[in-house]
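J.: Keeping the supplied structure of chain A fixed, place chain B upon it in accordance with the hints.
Each chain is listed here by its residues.
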Amino acid sequence: MTYFNFPHIEEDDNLKNLRNDVKSFLKTTFNSNNIKPQADAWMYSANPEFSKKLGEKGWLGMSFPKKYGGREKTMLERYVITEELLVAGAPVAAHWIADRQSGSQIIRYGTEEQKKEIIPKISSGECFFAIGMSEPDSGSDLASVKTFAKKTTDGWELTGRKIWSTGAHLSHYMIVLARTEKLDEKNRHSGLSQFLVNLKLPGVEINPIEDMTHQKHFNETVFNNVKLGKDALLGEEGLGWQQVVGELALERSGPERFLSHYILLDNFISEFRYKMSEMGITSLGKIISELQTLRMMSFSIAWMIQEKKSPDVQAAFVKEAGNVFEKKLIETIREMSNLIPFEEWSSSLKSLFQDATLRIPANSLRGGTSEIMRGIISKQLGLR
Amino acid sequence: MKDEVKIILDICDKILLKNVDHHLRLNLEPNSTQFKTLKDEIISSELTKLLVKEDLGGAGMTLNDIIPIVHLSAQYGTPVPFIETIISNFLLSELNIKPENDFITLTNKTENIIIKKDKISGNFKSIPYLNLAEKILVETEINNQKYIILFKKGGKFKLQKNFLSEPKFDLDASDLEIISMMEKPEQIDVQNLLINIRSIQSFGAMEKILKLCIEYCSQRKQFGRTLSKFQMIQNHISEIALEVAASGASLSTLKNNNKNFYNLKSTAIPKIRTGIASGKVIALSHQVHGAMGFTKEYELSYFTKALNSWRNEFGNEIYWQNILGKLFLNQNKNLWEFLNH
Numbered sequence: 001m002t003y004f005n006f007p008h009i010e011e012d013d014n015l016k017n018l019r020n021d022v023k024s025f026l027k028t029t030f031n032s033n034n035i036k037p038q039a040d041a042w043m044y045s046a047n048p049e050f051s052k053k054l055g056e057k058g059w060l061g062m063s064f065p066k067k068y069g070g071r072e073k074t075m076l077e078r079y080v081i082t083e084e085l086l087v088a089g090a091p092v093a094a095h096w097i098a099d100r101q102s103g104s105q106i107i108r109y110g111t112e113e114q115k116k117e118i119i120p121k122i123s124s125g126e127c128f129f130a131i132g133m134s135e136p137d138s139g140s141d142l143a144s145v146k147t148f149a150k151k152t153t154d155g156w157e158l159t160g161r162k163i164w165s166t167g168a169h170l171s172h173y174m175i176v177l178a179r180t181e182k183l184d185e186k187n188r189h190s191g192l193s194q195f196l197v198n199l200k201l202p203g204v205e206i207n208p209i210e211d212m213t214h215q216k217h218f219n220e221t222v223f224n225n226v227k228l229g230k231d232a233l234l235g236e237e238g239l240g241w242q243q244v245v246g247e248l249a250l251e252r253s254g255p256e257r258f259l260s261h262y263i264l265l266d267n268f269i270s271e272f273r274y275k276m277s278e279m280g281i282t283s284l285g286k287i288i289s290e291l292q293t294l295r296m297m298s299f300s301i302a303w304m305i306q307e308k309k310s311p312d313v314q315a316a317f318v319k320e321a322g323n324v325f326e327k328k329l330i331e332t333i334r335e336m337s338n339l340i341p342f343e344e345w346s347s348s349l350k351s352l353f354q355d356a357t358l359r360i361p362a363n364s365l366r367g368g369t370s371e372i373m374r375g376i377i378s379k380q381l382g383l384r
Numbered sequence: 385m386k387d388e389v390k391i392i393l394d395i396c397d398k399i400l401l402k403n404v405d406h407h408l409r410l411n412l413e414p415n416s417t418q419f420k421t422l423k424d425e426i427i428s429s430e431l432t433k434l435l436v437k438e439d440l441g442g443a444g445m446t447l448n449d450i451i452p453i454v455h456l457s458a459q460y461g462t463p464v465p466f467i468e469t470i471i472s473n474f475l476l477s478e479l480n481i482k483p484e485n486d487f488i489t490l491t492n493k494t495e496n497i498i499i500k501k502d503k504i505s506g507n508f509k510s511i512p513y514l515n516l517a518e519k520i521l522v523e524t525e526i527n528n529q530k531y532i533i534l535f536k537k538g539g540k541f542k543l544q545k546n547f548l549s550e551p552k553f554d555l556d557a558s559d560l561e562i563i564s565m566m567e568k569p570e571q572i573d574v575q576n577l578l579i580n581i582r583s584i585q586s587f588g589a590m591e592k593i594l595k596l597c598i599e600y601c602s603q604r605k606q607f608g609r610t611l612s613k614f615q616m617i618q619n620h621i622s623e624i625a626l627e628v629a630a631s632g633a634s635l636s637t638l639k640n641n642n643k644n645f646y647n648l649k650s651t652a653i654p655k656i657r658t659g660i661a662s663g664k665v666i667a668l669s670h671q672v673h674g675a676m677g678f679t680k681e682y683e684l685s686y687f688t689k690a691l692n693s694w695r696n697e698f699g700n701e702i703y704w705q706n707i708l709g710k711l712f713l714n715q716n717k718n719l720w721e722f723l724n725h
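From first to last, the protein sequence lines stand for chains A and B.
Per my numbering, the first sequence runs over residues 1 to 384.
Per my numbering, the second sequence runs over residues 385 to 725.
Next up, chain B with everything else stripped away, as it sits in the complex:
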């Protein structure tokens, strides 16, 4: 890990350690002091500009560099659009647009988009943390051309019924003010980028779950001994650890080259592996926690709900297994060649 990444990671860790707890997750209000303090510290530390080019006032880091930061944020269960803002500012920077000093959220699920005189109307789906963001960045297609558009929040939005760790909203927008609008560069694949961010976050959430399992089972006693001394419990937790380790290793596909964040094969491998792992980790972690893990007050469910939400986004792992299988079969290579290229 580069020294500058270690320094940033340390800053990020201090801010999240101080401000993020389960109370915040359960009582997340845009006007609450705890939220405002967290937001102020994140924005003022310039952490949301890590991927912004230096000449636009950012840190000029690469997608690869921020993998540990996305991972750390997920371990904390940071319930604000922190990573969404980092990615939004990155996309703006790629278009040579200056970053914003606000929380931005983003989506690529859009319908009925109409642009008229610097105003945008349409339906926008599955927008994370819309309630906490000031601006929205979307990737949308108009007349067979993809655009990236940043606009101010407004209009009616409603909470989707989903797994709820990460609130997602649908927005029906009418004549909202466009701040920037540019054609999307060919080389950027927003969907694959977002999927890879989710894979990294899933790895972080699973590590947190492993930690919770170890702590809980090392403290709670039944039949006169701690749960951790029961071989069946050890077996469950070692299986969780195995899945966590494999998830982390699957992210290696992204690390050769920043372009791999847009590449279908490099995206599919961790998407599938973390998706499979998530299913096992959710089931096993709830099993080792017993009824306690089923309560709202205990934080396990926050992370398992997040995993359930993420593994079902952009097509689940079964959907991606089919994509990866076809990607290989259509390349007319033998399997070993496919794996090594």
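Chain A extracted, bound-state conformation:
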């Protein structure tokens, strides 16, 4: 009897070589383009030129079929690249959502035309996506979305508002979850559909929202009677809920859930590895054990996705355990520095620490709150 299995997957020589290739590329590209590593770079650090370079290397759209411009590589190869980008603090925010989840949704549910039109652009790092799930009155309760797509003779007319749409101001498309039928309280998950919405269409309005760190990475996206063609429907009408659940597994299980602030940890160690107290070293050992365990879980999920399994619950585990880990990271760094006054830290380290301290409250909110993750786990255990 095992409740939640995370099969052991070994990193073979091919993957190890790939890691080294990515490291070399990043070193060269950072130097020649004067790129500064950033924490939480998949949310805050967008650089379309860098995304294009990754596309040229063949490191975007990795698991997509070649006939749509993909690379037909494995999810494990994609995982390794993703990890290396995160630990380097590379500016990946522009393409992150397209490469992580939107492209896969299109491959899975899209029409031939949609795939031919969009997947090659995602793979070349020239097409960016935002997520269209949350709404002002629909946060964790996603089934309550009110954005409505009304059928017209030419296609659809989309009306409503999405919120917390990270990077929408830089994106070309959004996959929008909308009602195509009125809410049935007895069957709340029915009557929802997903749409591929070009964000340059008339009637789309993108309003930035400043976060508590004074940055404007997320937005409110308003759809004012936006006219969509019939070909904007993604997948099957009425099955949006089933589709979005799979998308969330892609969103939740990746290493960005626990490596967002890795460069803070790495910089701290580089600066103070010979000054840590016994207590600091002990805290460091704990974080190594927890981090390596999370990597094993996330790597295992990448393999499950590759094998067409549905690791929705395992993804909730990684999301929640990753959130807990990153929240503790701040406290752990404080423990590790117990004999090193803050005034002795370099200004760059202080800056990373302060950014992380301010941004970390968002970790257990974005991509589904901790409470939702625990609800998913409880449901799977038969408690609901």
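Keep in mind the hints are simulated off the structure, nothing from the lab.
Possibly wrong hints are sitting among the right ones.
As a list, the in silico SDA-like pairs of lysine to any residue whose alpha-carbon atoms are at most 25 angstroms apart [what the hints assert, rightly or not]:
#  : chain 1 : residue 1 : chain 2 : residue 2
1  : B       : Lys710    : A       : Asp266
2  : A       : Lys116    : A       : His172
3  : B       : Lys664    : A       : Arg384
4  : B       : Lys402    : B       : Leu412
5  : A       : Lys275    : B       : Lys649
6  : A       : Lys16     : B       : Lys643
7  : B       : Lys717    : A       : Trp345
8  : A       : Lys23     : B       : Lys649
9  : B       : Lys717    : A       : His172
10 : A       : Lys16     : B       : Asn718
11 : B       : Lys717    : A       : Asn31
12 : B       : Lys717    : A       : Leu18
13 : A       : Lys23     : B       : Asn718
14 : A       : Lys23     : A       : Ser348
T.: Okay, now just chain B, sitting in the frame of chain A:
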């Protein structure tokens, strides 16, 4: 999982399902019929020889292969030296010594060892299930050389005061008969091997605790509804599940290579992770069980006491965090290199 492991797992499951229950755990006597039946079935099924080389009459399985079997045995709360015998026979096999058809227990905590004319004397600490074993295997150091010695049980032994799910004894031995004695091969690290067995057992015990929590809270009603419908209870149990899942995943460090059972880094990671998890699982599982979990009759406490015992053996997780932290700092690598090698 290999087919042969699945078959063995099935055999093991049938024997434990038939013979192990909480009554056995509470009334464990070497002369009881229930104990004798369990022992006979384990020994006659040759399960204790899984790790023994084929040319010595064993199944020739690897340490990796038996992870699910150690895990299953812990889920059953098997209160006999079954896993100790598997490991003892494995160590004998590594020394090209034939396995024993008895329960063997083992320890590496020894003092004042004297060997004279095929007899061993000395003090041996923390020996699990000594009351139920016929022979004892020890790793000990004599004149800067480590030895593995198998000898017959005898002498005075007394029960240690410990967490009691797994009785441990101290033995003061005088002139006990040595059956085999060999120099320990360099590549074998008995302590790390034993720690890893405990990490696997801890994972198994925690899965059992999760199962008990789900069953109990799905049946018991308060305020007109089952406990499982209370959001706070769901939160507790989902946190237990999270810790169990992380513990299971941490064992991945052992699975790349059988040599990882002896490797310090591969040992430290699950030792720390299962230790942290054990603390949370013990506290939360007792909370969701209420007073019932505090009774001797209900089996939860058997497993939580076992976890408390195991997480404190060989140094607790704090001790191992310090070892792992120093292991990294002394290697002059950056953290990412350390994690990837």
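J.: Does the structure keep Lys116 (chain A) and His172 (chain A) at a Cα separation of 25 angstroms or less?
T.: It holds: about 16 angstroms lies between the C-alpha atoms, which stays within 25 angstroms.
J.: Verify the proposed pairing of Lys402 (chain B) with Leu412 (chain B), using a straight-line Cα cut of 25 angstroms.
T.: Distance ~16 angstroms between Lys402 (chain B) and Leu412 (chain B) Cα, so the pair holds.
J.: Do the alpha carbons of Lys664 (chain B) and Arg384 (chain A) lie within 25 angstroms of each other, as the hint requires?
T.: OK: Lys664 (chain B) and Arg384 (chain A) at ~23 angstroms, within 25 angstroms.
J.: If you draw a straight line from the CA of Lys16 (chain A) to the CA of Asn718 (chain B), is it 25 angstroms or shorter?
T.: Holds, at about 17 angstroms.
J.: Within a Cα-Cα threshold of 25 angstroms, do Lys23 (chain A) and Ser348 (chain A) meet the stated pairing?
T.: 22 angstroms, holds
J.: Within a Cα-Cα threshold of 25 angstroms, do Lys275 (chain A) and Lys649 (chain B) meet the stated pairing?
T.: 22 angstroms, holds
J.: Between the alpha carbons of Lys717 (chain B) and His172 (chain A), is the straight-line distance 25 angstroms or under?
T.: 42 angstroms, violated
J.: Straight-line Cα separation of Lys23 (chain A) and Lys649 (chain B) no greater than 25 angstroms?
T.: Holds, because 24 angstroms separates the two Cα atoms, which is no more than 25 angstroms.
J.: Quick one, are Lys717 (chain B) and Leu18 (chain A) close enough, alpha carbons at most 25 angstroms?
T.: 20 angstroms, holds
J.: With a cut-off of 25 angstroms on the C-alpha distance, tell me whether Lys717 (chain B) and Asn31 (chain A) pass.
T.: Given that 25 angstroms is the threshold and the Cα spacing comes to 22 angstroms, the pair holds.
J.: Straight-line Cα separation of Lys16 (chain A) and Lys643 (chain B) no greater than 25 angstroms?
T.: Roughly 20 angstroms separates the two Cα atoms, so the pair holds.
J.: Given the hinted pair Lys23 (chain A) and Asn718 (chain B), is their alpha-carbon gap at most 25 angstroms?
T.: Answer holds: Lys23 (chain A) to Asn718 (chain B) is near 13 angstroms, not above 25 angstroms.
Consistency with the previously given hints fails for number 9 only.
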